[in-house]
Amino acid sequence: MEALEHEVHTPRAPEQNQPQVAIDVDECAARRSLRAQIARLEYELADAFVTAFQMGGVELPVAAPGEPRLLDLGELECVRDELAERLRSARRSISERAELQAENRLRLERLLLEPGRYRFVRISRRDVGEPGCGVWQVRPRLGLIGMMMGWWQVKLSSGCPLPGGRDRLVATRSASSLA
Amino acid sequence: MEEEVELRAAPGFVEPSVRVELPGLRLDWRSVEGGRRKSPREISRRLKDLSNRYRGASVVALRAQPIPHAYRAFFHQIGLDPDVTRIPIEQAAVGRLMQGQFRSTNLVDDALLIGLIETGVPIWALDADLVDAGGLGIRASVAGDRLGSTEFGHHLAPGRLVVADSQRVHALLFGDVAPGHGVGPRTARIVLFAVGVEGVPAIHLEEALWICAEVLGTG
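Chains A and B, in that order, give the protein sequences. What the first sequence shows, in this note's numbering, is residues 1 to 179, in sequence order. What the second sequence shows, in this note's numbering, is residues 180 to 398, in sequence order.
Since the hints were made in silico from the structure, they are not lab data. C-beta atoms are modelled at their ideal positions from N, C-alpha and C, and glycine is treated no differently. Just so you know, not all the hints are guaranteed correct.
Listed next, with one range per pair, are the computed distances between beta-carbon atoms [as the list claims (entries may be wrong)]: (1) B:Ser196 - A:Gly129: 46 to 56 Å; (2) A:Arg97 - B:Ser345: 49 to 59 Å; (3) A:Asp81 - B:Ser345: 51 to 61 Å; (4) A:Ala64 - B:Thr284: 36 to 46 Å; (5) A:Gly150 - B:Arg234: 42 to 52 Å; (6) B:Gly203 - A:Glu82: 15 to 25 Å; (7) A:Leu60 - B:Pro245: 15 to 25 Å; (8) A:Arg110 - B:Asp355: 49 to 59 Å; (9) B:Asp355 - A:Leu106: 48 to 58 Å; (10) A:Met149 - B:Ala236: 30 to 40 Å; (11) B:Ile382 - A:Glu59: 34 to 44 Å; (12) B:Arg232 - A:Gly159: 23 to 33 Å; (13) A:Asp26 - B:Glu212: 43 to 53 Å.
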């Protein structure tokens, strides 16, 4: 009888502890999985950041700096969700800007074919996703005469503006001529 | 004949509860002779050469490279936003763009910067007199922990990840060194430590410490 009671009672202790252990193990695995998701999202966000940079960049978060700590499940979920939202927003912004650039490229082609139909229209290199500061502009050939005669042409301005602006260049030239 | 720098970094401890949560987190440290003094001309020249590696485009693309990516992901995992609190290599790269070059400050800071630029692994320096002989490691702070050993060190909230020895907390993980624990004019021996995370090979930590010790040896 004693032996029977012993057999019945001893397994109860581990059974009582089992759910708690299972929750701990599950939470640990869930946290690991969330950390892996965060790392993957960060990688995709970095790619999106690099792609979007030439198109004007993506918005960066404005937040107070935190302190390093072990995050619990809820906090890790918040980080994951925030990264996912940032990624979605960055991709949406990239796709909108890519569509706009495609439209501008098409417009530029039309402008080059028929400048007379797009008088004084300006399209910058940045508008079509190209680096640099050049601008295509439809202008009349020979100024007023061209305007009256309907002689229109597309001109591409050269290079980026000087750091100090035109005034500085003029000042430097006049100083050197005086010397 | 030049004296060869000994390649021997000691692995620091990582508290078991932290290791379970953040596998791959590690700290390597070593001590070297040296103190704060002006950098020789060759170190300034080396920093100038390294400046040429960083242009605007390469700094933008930095976050897509494996080692900066590993640190950025880790920052998110420990509650830091790398776009707010920059990872060390990005901080250095942005500093180079803002100042036009990597500027030489003193031999210790230059050595830490060169090690960081060459490997992407951040390194910090402590006054060896304040570090316990048992070595450094990473743990979570507990109630009553104070940053540093002076009265200027503020109390830390429990659960913060810190770099500590058996006696005192020397720094917040990836944060500034506690006041008075850095290398000062009277420091004769320096403890260098590097922190690695998942995705950063251990050999990079060793290399970072080795480069740093080599630069300190030239002074």
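Here's how the hints hold up against the structure:
1. B:Ser196 - A:Gly129: 46 to 56 Å: Distance hint for Ser196 of chain B, Gly129 of chain A holds at roughly 50 Å.
2. A:Arg97 - B:Ser345: 49 to 59 Å: Roughly 55 Å apart at Cβ, these two residues keep to the hinted range, so it holds.
3. A:Asp81 - B:Ser345: 51 to 61 Å: Roughly 39 Å apart at Cβ, these two residues miss the hinted range, so it is violated.
4. A:Ala64 - B:Thr284: 36 to 46 Å: violated (28 Å)
5. A:Gly150 - B:Arg234: 42 to 52 Å: Holds - the Cβ-Cβ distance for Gly150 of chain A and Arg234 of chain B, about 46 Å, lies within 42 to 52 Å.
6. B:Gly203 - A:Glu82: 15 to 25 Å: Cβ of Gly203 of chain B to Cβ of Glu82 of chain A: about 23 Å, so the range 15 to 25 Å holds.
7. A:Leu60 - B:Pro245: 15 to 25 Å: For Pro245 of chain B against Leu60 of chain A, whose Cβ atoms are near 22 Å apart, the range 15 to 25 Å holds.
8. A:Arg110 - B:Asp355: 49 to 59 Å: Taking Cβ atoms as reference, Arg110 of chain A and Asp355 of chain B lie about 58 Å apart, which means the hint holds.
9. B:Asp355 - A:Leu106: 48 to 58 Å: Taking Cβ atoms as reference, Asp355 of chain B and Leu106 of chain A lie about 53 Å apart, which means the hint holds.
10. A:Met149 - B:Ala236: 30 to 40 Å: With Cβ atoms ~45 Å apart, the hint is violated.
11. B:Ile382 - A:Glu59: 34 to 44 Å: holds (37 Å)
12. B:Arg232 - A:Gly159: 23 to 33 Å: With a Cβ separation near 26 Å, Arg232 of chain B and Gly159 of chain A satisfy 23 to 33 Å, so the hint holds.
13. A:Asp26 - B:Glu212: 43 to 53 Å: holds (51 Å)
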